[in-house]
Each structure stands twice: as structure tokens, then as C-alpha cells.
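In the order they appear, the protein sequences are chains P and B.
Counted the way numbering that gives the first Met the number 0 counts, the first sequence spans residues 0 to 388.
Counted the way numbering that gives the first Met the number 0 counts, the second sequence spans residues 0 to 388.
No lab work stands behind these hints, which were simulated from the structure alone.
The structure presented is a predicted model; accordingly, all values stated were derived computationally and were not measured.
Please note that the accuracy of each hint is not assured.
[Claimed, not checked] PhoX-like, lysine-lysine: derived pairs with alpha carbons at most 20 Å apart:
hint, chain 1, residue 1, chain 2, residue 2
1, B, K42, B, K140
2, P, K140, P, K128
3, B, K169, P, K169
4, P, K169, B, K175
5, B, K42, B, K128
6, B, K128, B, K140
7, B, K305, B, K356
8, B, K305, B, K291
9, P, K175, B, K169
For reference, the chains in residue letters:
2 protein chains.
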Amino acid sequence: MVGLPARGKTFVARKVQRYVSWLGYRTLWVNVGDYRRARAGAKQPAGYFAPDNTATRGEREGFAMAALDDLLDWFEKGGEVGIYDATNAERCRRDIIRNRCAAAAVPHLFVETICDDPGIIDANIRRNKLGLPDYAGIGAKEAFGDFQARIAQYARTYVPVEDDEGSYVKLVDAGKRVISSRVEGYLSSRLVFFLMQVRPTDRPIWLTRHGESEFNVVGRIGGDAPLTAHGKEYAELLASFVRARTAHAVVWTSTLQRAIATAAPLGHVQAWRALDEIDAGVCEGLTYDEIKAQMPDDFAARAGDKFRYRYPRGESYADVIQRLEPVIVELEHERSPLLIVGHQAVIRVLYGYLMGKPQDECPHLQIPLHTVVQLTPTEFGYQEERFAL
Amino acid sequence: MVGLPARGKTFVARKVQRYVSWLGYRTLWVNVGDYRRARAGAKQPAGYFAPDNTATRGEREGFAMAALDDLLDWFEKGGEVGIYDATNAERCRRDIIRNRCAAAAVPHLFVETICDDPGIIDANIRRNKLGLPDYAGIGAKEAFGDFQARIAQYARTYVPVEDDEGSYVKLVDAGKRVISSRVEGYLSSRLVFFLMQVRPTDRPIWLTRHGESEFNVVGRIGGDAPLTAHGKEYAELLASFVRARTAHAVVWTSTLQRAIATAAPLGHVQAWRALDEIDAGVCEGLTYDEIKAQMPDDFAARAGDKFRYRYPRGESYADVIQRLEPVIVELEHERSPLLIVGHQAVIRVLYGYLMGKPQDECPHLQIPLHTVVQLTPTEFGYQEERFAL
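This is chain P alone, in the form it adopts within the complex (with noise of 0.2 Å):
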């Protein structure tokens, strides 16, 4: 990362690190802020970080550098996606940065978020810096001076990423711009794209199964049944439950009945065919003590690793996750408050994407029917609240 402060370093860095992890990568986020802080102590006046003061220079470099050698001695022992959350504002540091990743070769890719917007700044400070351990017990207004003191001192020596400095992306305004150079690689361009889509945002994610259906009642999995009369029920309250809350949800859901009924009260959906439940092959329509009797290999094997277990002719999670990914660009795009009605195994997914969960924790996630998931963007992640209706 490279930035001033209060630039939204940190939640782009955050925001990258579960969509990489989700995507399978063993991912580290490493905050020089964090080795600053546990080690000189949280309270550092904002001459502190003066790139000219002498005292302390030494020091803040010993701390960017602790945190660097963590993060390659990761990536020998099989890190893949290392993400260095700091300023990062000197040329002469970014050098050592590259330098340091080419002998050790690991592919660089500099992520710089500018805004010159003083309005989004300080709103920034407010909402994500005055709470720091570093201002525990001042005053807002005077943590809030101190803040932009500490600001001005990075921009004293700041440089833009250049064009010499290899891979690189910049996210200007929030987004609004984004100039990207020499990006190469396949996860690095995903990565751009999903970049262009990250803007923070306060409009609540709910994420629910389809209402109760036929299947349901008798334990037979996948299959494409109706709602029961308390599904459909469910179906009523759902729609009361979202129309309390706002007027303009958007509402995504499968392209099976029993979703799209679930959604049907709320008038306009869209039904995507990636929110499909998992496809159990040759098991749909079976319930599990079926699949147990008639082919017990499939089912231990299953049992042993649910996240990788691909049913015969069907589906395993990584599968799934691998057809999800459209969906979670368009979410990180879709601006306005955003119901998807879906399945055990999609919306295990999705929740595990959005609340940061690896993914093989992903099929063990508790979705209950008749349950709406609500998540609340917060500093850095989402506040989860759950309704049984």
C-alpha cells in the first residue's frame, strides 16, 4: 500500500485480503502502524513521525523493516498474497520494498490511493482514526489536530508511485480514477478489476435462504421443488422485514423456484444462475441417509473434506466459490442496500467472503432456513445481526 494517512489504505488493504483468501490464497496482512505501537507505545505526538526528526527515524524504520521480514519469511514458508499496510510515502522506502521482494521473488504490485478531497479526509479521520489507541483519552478536536499534524509531516516527503517503479495501480478519489501500469498475471489483473469496484459504502447486505420447500420437509437435497405454505409464509415476512428498512433494495436470487418465490413479494428480481445451490450430481433429490446407503465411499469422502469433495457430476465448494466470484464484483459494485435470497451451500459462500472467513471453514457456517443475515459495513469488515422470522 502507499498513501498518506486517512487515504483508505487500510480499508482497500482489508477489503483485499478476504477477497484473495476467499479465492483460496493463503493471504497475510501485515500494519506497520500495529509494530509502531506495540512496540514504542500507541501515544506519539504527531512530531514524532517528522520525516527530519532525528530520534526518531532510526526507530520507525526498524519498525517498517521488522514488519517486512516477517512478511517475507511468510512467503518462504508458502505465503502467497503478502499485503504491506503502510505509508509507504518515500521513494527511497518503496526502493527497499522492491528491492528486498525482487531478491526474494516475490512479484510486487504497489496499491496507492490518493484523495485530495478535504471533505472525505476529515471524514475519514473521524470515522476511523480518532478511535485509535493512539488518541485514548485526548479530546476529539485535539486528537483530530494532532491527525492532520501527522498528515502534514508524511506530505512533506511524499512522492507518488512513478513510472519506474514497476507493477503498479492507483486508486484516485475513491475510485473515481484508477490508473493502472504493468500489471501482469492473472490474479493481478482480477485484482485491478475487483479495485475499480471497491468504494466504501453504508448500505446493509442481507443474505437468506430460500423459504422452506418441499425438499426441505423430506430431507432430499438439490432438486428444483416448490414452497411449502410456511415458505411462502416466510416469503410475506421477508418482504415486510426489508420494506421496514428501506425502499430501494436491490434483490438478487437463483434461478430456482424456490428462490425466486422466496423473493417474489418484493415485485422487480434479479435471478442469477451463479446463486444456484451446489450441484449434487448424481445425489440430487436424494436425501443423506440415500447417499449413504447407495454409494458410502462418496459420503465418508465427503464427511473427511466437505470444502473439496466434489459430488459426482456435481459440485464441490470450490466450485462453487470459482462461480461466485462474478457475483462478489457485482456486490462490491451494487451501491444500493442488496437482498439475496439463496441456498445453504451459495449463501455459506457469500457470508464467508463478506465476514472474512477461510475457506474451508466455509461449509461447516451455520445458515438456518427462515433466517435473514444482516451486515452492517463498519470500519473495516461488516456487524452482523441475525432475524429469525
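Chain B: place on chain P using the hints.
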């Protein structure tokens, strides 16, 4: 499109046209140069293009406006994506375009191609310009000099797209750097991601179905049957075919065993679930005669609209296009000679994309077994050769 002559505008425009129409949008490409050649004659010297040539300036503006009129008329008739291929190098020209689009409620996206590398520009002129009708019967050296003079005329008044011109994307040095600004909406952001992958290349693409499978012999569709002896023979012939042409082929297959086995003699392959055959749902493993007998309504529906028909619990060709979109992006990104071993429906769809076929023609394209379709890049598309092995 925006950019000086010989900067690859038409190359990019035609790629966009194929991609967007393959995604199902009604797409039109108009080239102002074609209007000029049709109305004023092809053979105009460089001086004709001088911005201060008062004798020709009005005429040239007339051609540009005629092309724009036609494009906007077509939007009124239901067109969805129009590509206006011209230099549009002057700010005042772009202001007219932007205002006329706004008046017609058509959102615009300027796509500017920028290149300052004389080696690339000269190669572009030699490859794409000397064969234009503009230079019929004129020696290469003279034509080259004239085209350079024409570029110089445009360069006199060229102003790159500025930040207050709304949505734009700039492709610098054939995609090495990409700058996008105020790109909003699903299609525009997908397009920018696509443009990040697109670069001129001369590597061939080979498309083939898997070798004959045991299901092919008995006329059953879908399934995951192994190869016959005849199919295994094709796998060996295919490996020899590819090895005779390159030592560095990248090989993609579906995850079905008949495709993997067909590519196996080539060693390392990447298996994509997105390349799996169209899912025939409840019809998997049936013959067409059985489908006709057991599900006469479905059989008739499929015959009536083979593109939109979705097998019960399975897929339509439209669904297959959706799931192949990431493959297309990777295909544009991949720079090595590429062999794709797929299945009838997926190869039809990939071939349709590469050869610019309308979506609804895809289900009817001829892709026989044991035939390699070789596609070699040309100026703005591909040249096709077929090899029955």
C-alpha cells in the same frame, strides 16, 4: 475511440465489438474513414487531413457527422453498444460527440489509444495501413512517407482526453498502462477489465473437441465416458500436430475425462470446469431419439430455439456463454500458443467469439470430431484453417 492514426484504434474497436456482441448486446461499429473513402474517394494526400485545410475541413466534418448520425439513428432503433471509430483527436470534436450522446441519453465512454514508441507505430503502419485502398498502386516507401505526414497533420491539433470529459479509459503503449476515470456500470467496468487484457499477438489458437468417446459411439449426450481406441489415437495425433508447430503450447481442457485424456499426451494441462460440456440436466446420458420419445415438448422447444432452450435442470447456450466469459478474458491475456480441448457446445461458443459470429448462430456452427480448428491472428481478426487428423 480516440487517438492518432496507427495507434491500434481499429484493432481495439473490433475486439470490443466481438466481445460485446458475443455477450449478447446489439452492437454496431462505424468507421469514419470508410465514410470518407466511400464519399470523397480513397486516394487523398496527407494535406487533405490538415486541420487548417479550409477546402477539406468542412467535408471531413460532414463525414464524421454522417457516421455519428447513423450511429445515433441505430440507437433509436434499439441498438445497445455503438463503437465510433475515428481519430476524434480534437477536443471540440469530442465535445460534439459527448453532447449529442447526452441529448440521445446514450452514455459514452472514450477509449483512447496512446503510443509514443516509433518502432510500434512504424510496424503498425507497415502492417495495417499500406494495404488500404488509400494507397492502391502506390509504392510502399511513398505510402509510408505519406501516412507519416498524415499522422503529423492530426498531431498538430491532437489533445488527449481530459478529466472533465466524463468516462474514459486510456490504453498506453498497447496496454502496458491503463488509466480509467469515472467508469460506471456493469458493462463499462467489464469492458475496461477486458481492455486491460487485450494486446496484439501473433500466436495461434487451436480449438478441438475431445477424441471419440464411448458415448459418441452410441449417440448418448453428456456424461463422462472414457475415450474409445479411436479417440485415443486422435489424442496421439493431436499431440504430434501441436508439437510440430510449437514447443511452448499452453493446453486447457474441461474437467471431463474424455477431454483430459485427449490432451494427456501433451503433458501438463490446465483443467477448467468452465470448459465442461453444456449441462443437459435430466437429459444427460440419453440419446436424441430417447429425448424425442420421452420429452417431445422439450425436443420441439429445443429445435425451435436452440440458443435459448435450457435443458430441464441443465443449461442453455446462453448460460454457457455466461460461464465462458472468464475463459475469454484469460484467452486474451494468454500470450503463448494455446490449445483448447473442449466439447461441441463450448467449442462452438469459443469459436463464435473468436470469429465474431452472432450469439444465435453459435448452436449451429459445424465443429466435427477429430478436427483441429487453427485460428491465426490477422489485422483485426483471425484466419481459419481446419485439419482433420
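Verification of the hints:
1. Our distance criterion of 20 Å between C-alpha atoms is met by B:K42 and B:K140, whose separation comes to about 16 Å.
2. For the hint pairing P:K140 with P:K128, the CA-to-CA distance comes to about 12 Å; that is within 20 Å, so the pair holds.
3. Using a Cα cut-off of 20 Å, the hinted pair B:K169 and P:K169 holds, with the two alpha carbons roughly 14 Å apart.
4. Between P:K169 and B:K175 the CA atoms are separated by roughly 14 Å; this keeps the pair inside 20 Å, and the hint holds.
5. In summary, the hint linking B:K42 to B:K128 is supported, as the alpha carbons are separated by about 13 Å, within the 20 Å threshold.
6. Our distance criterion of 20 Å between C-alpha atoms is met by B:K128 and B:K140, whose separation comes to about 12 Å.
7. For the given pair, B:K305 sits about 15 Å from B:K356 by alpha-carbon distance, which is consistent with the 20 Å threshold.
8. Straight-line distance between C-alpha atoms of B:K305 and B:K291 comes to about 15 Å, which keeps the hinted pair within the 20 Å bound.
9. Annotation: proposed proximity of P:K175 to B:K169 holds, straight-line Cα distance about 14 Å (limit 20 Å).
Checked against the numbered hints given earlier, this structure breaks none of them.
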